[in-house]
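Q: From first to last, the protein sequence lines stand for chains A and B.
For the first sequence, our numbering gives the first residue as 1, with consecutive numbering after it.
For the second sequence, our numbering gives the first residue as 1, with consecutive numbering after it.
Treat each hint with caution, since some may be false.
To be verified - To give a feel for the contact side, a few chain A residues facing chain B, derived at Cβ under 8 Å:
hint : residue
1    : 113
2    : 114
3    : 224
4    : 225
5    : 227
6    : 230
7    : 231
8    : 232
9    : 233
10   : 239
11   : 241
12   : 246
13   : 247
Keep in mind that the hints were calculated from the coordinates and are not lab data.
Yeah, the Cβ is synthetic: ideal placement off N, Cα and C, and Gly gets one too.
Listed below are the residues making up each chain.
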Amino acid sequence: MRRRGVGVGAVKDLKAGQEKYKEKGNLLQENLIDELSRNLDQFKTKLEAFAAKHRSAIKKDAKFREHFQDMCATIGVDPLASSKGFWSEMLGMGSFYYEIAVQAVEVVLSTSHLNGGVMSLGELQNRLNKSRSKSLKQTEVSCEDILRAIKSLNVLGKSCGVIASGKSKSEYLIFCVPEELSLDNTTVVQYAAQSGSPFVTVDSICSNLGWTTQRADSVIKTLICEGIVWVDDTSRGRMYWFPSLFMANKGFD
Amino acid sequence: MATIAAVEFNSWPAHYNFPPFFTYFKNNLQPNRETQAKQLSIWIQLIKDYASKTRLFSIDHSHPIFTNTEISRSLTQEGISTIFDEMIRTSQGEYVDASKKDRIFIWWQSKEVWAKVLMQSAEKGGLLNSVATIYELLNDHTPLEGMEEAMLVKVLKVLEASGKCEVMGGAAGGSVEGVKFFM
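Work out the full structure, taking the sequences as your base and the hints as a guide.
A: What follows is the structure, encoded as structure tokens:
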């Protein structure tokens with residue numbers, strides 16, 4: 001029996017063995033990558049075929065649309081990303097969301113004299129679907145649809161956007177204001193939304209955000225100017241109420 | 001809701017429970033002009049709706065509508081005056097006594113519309129070419145039932161100016177005794 005281990009020969013053998021393993025390893029890896037690529041391509045083709053076949057369902061049914069979006073996300077495809085290309089041409093998804101974005105902005109702007117151009121996602125969805133249902137061709141949209149649409153409005157800069165207002169995925173405020181909302185302003189709006197009360201005071205802002213009175217005052221001034229808050233003068237000091245938070249489910253008309 | 005009224009009024013606007021709705025801020029209501037305009041217009045609409053539902057024809061600063069006990073908020077006197085001023089400016093209100101300025105008539109319909117209503121009612125009631133007393137016009141289930149006499153006189157004057165009636169009495173500070181409606 002040949003002894004293992006010692007000797008130049010043994011070392012050479014070991015090295016050769018390792019080389020072979022490495023080669024095999026690389027080959028396996030290459031094969032794996034190839035296979036993965038092929039799978040992805042196949043998957044993509046199937047997905048495209050699926051999209052084409054179910055185009056009308058995707059347009060009509062929000063839940064179906066949601067699942068479809070998830071599938072696209074897993075293979076790293078964003079149907080909204082390009083205005084040209086197979087996806088938007090095939091599905092018209094580009095213009096679908098563009099349409100929602102425009103309608104959403106219209107709704108928010110139309111009530112800006114009441115809430116300064118800030119509205120909860122739930123209220124926006126209600127109002128949007130109400131007006132869409134009046135036109136027979138238009139389908140109901142989900143909250144996710146609206147969020148996607150607004151987020152794709154990057155062209156408008158920081159005038160339009162979303163603020164996460166709570167712990168759950170569906171709690172958002174949509175804003176559309178003529179002046180860009182600075183980070184400080186959105187921070188206060190977000191703080192108010194997450195606080196559970198539809199109002200803030202200078203004191204509550206300072207103690208919860210660790211700000212100076214001056215900084216809080218400056219934000220309050222902007223929010224008043226934009227009509228995002230209304231002033232409540234009480235004997236215990238001034239409170240600033242957000243119509244958008246107060247009326248989240250009641251529909252200020 | 002404010003603790004009011006024999007007649008049920010249920011059309012409170014959503015803003016009635018929104019504390020800032022009751023704020024009078026220095027010389028204005030809300031400091032933001034657009035917001036203030038909205039606040040004013042909702043108040044005026046509320047007063048008109050409330051008045052027409054409960055057949056209220058005049059109002060002053062003490063009316064309970066200006067306080068919402070549920071949210072512990074009240075409009076100040078200045079706030080109420082601002083609303084009254086705006087109603088007067090837009091012909092939806094009129095001082096009962098211009099020297100006192102504490103009470104206003106509420107024109108939830110314009111005088112012209114009331115004049116038409118009165119004329120129609122006169123026709124229906126067979127009053128044309130006959131004389132009716134003020135009492136008759138303001139009672140007995142007419143559409144103007146409950147209207148303050150001074151307001152009726154103003155409505156009659158509008159009708160008279162268009163040649164549809166003739167007011168009797170009322171000259172030299174005397175009270176109006178009756179009115180003759182023409183065919």
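Q: For each hint, tell me whether it holds in the structure or not.
A: Hints versus structure:
1. 113: holds, 5 Å
2. 114: With Cβ-Cβ at 6 Å, under 8 Å, it holds.
3. 224: Hint on residue 224 of chain A: holds, closest Cβ of chain B at ~5 Å, below 8 Å.
4. 225: Result: holds, 6 Å to nearest chain B Cβ.
5. 227: holds, 5 Å
6. 230: Constraint on residue 230 of chain A satisfied, holds at 3 Å.
7. 231: holds, 6 Å
8. 232: holds, 4 Å
9. 233: holds, 5 Å
10. 239: holds, 7 Å
11. 241: OK, holds: residue 241 of chain A within 8 Å of chain B, min 5 Å.
12. 246: holds, 6 Å
13. 247: Result: holds, 6 Å to nearest chain B Cβ.
Violated hints are absent here; each numbered hint is respected by the structure.
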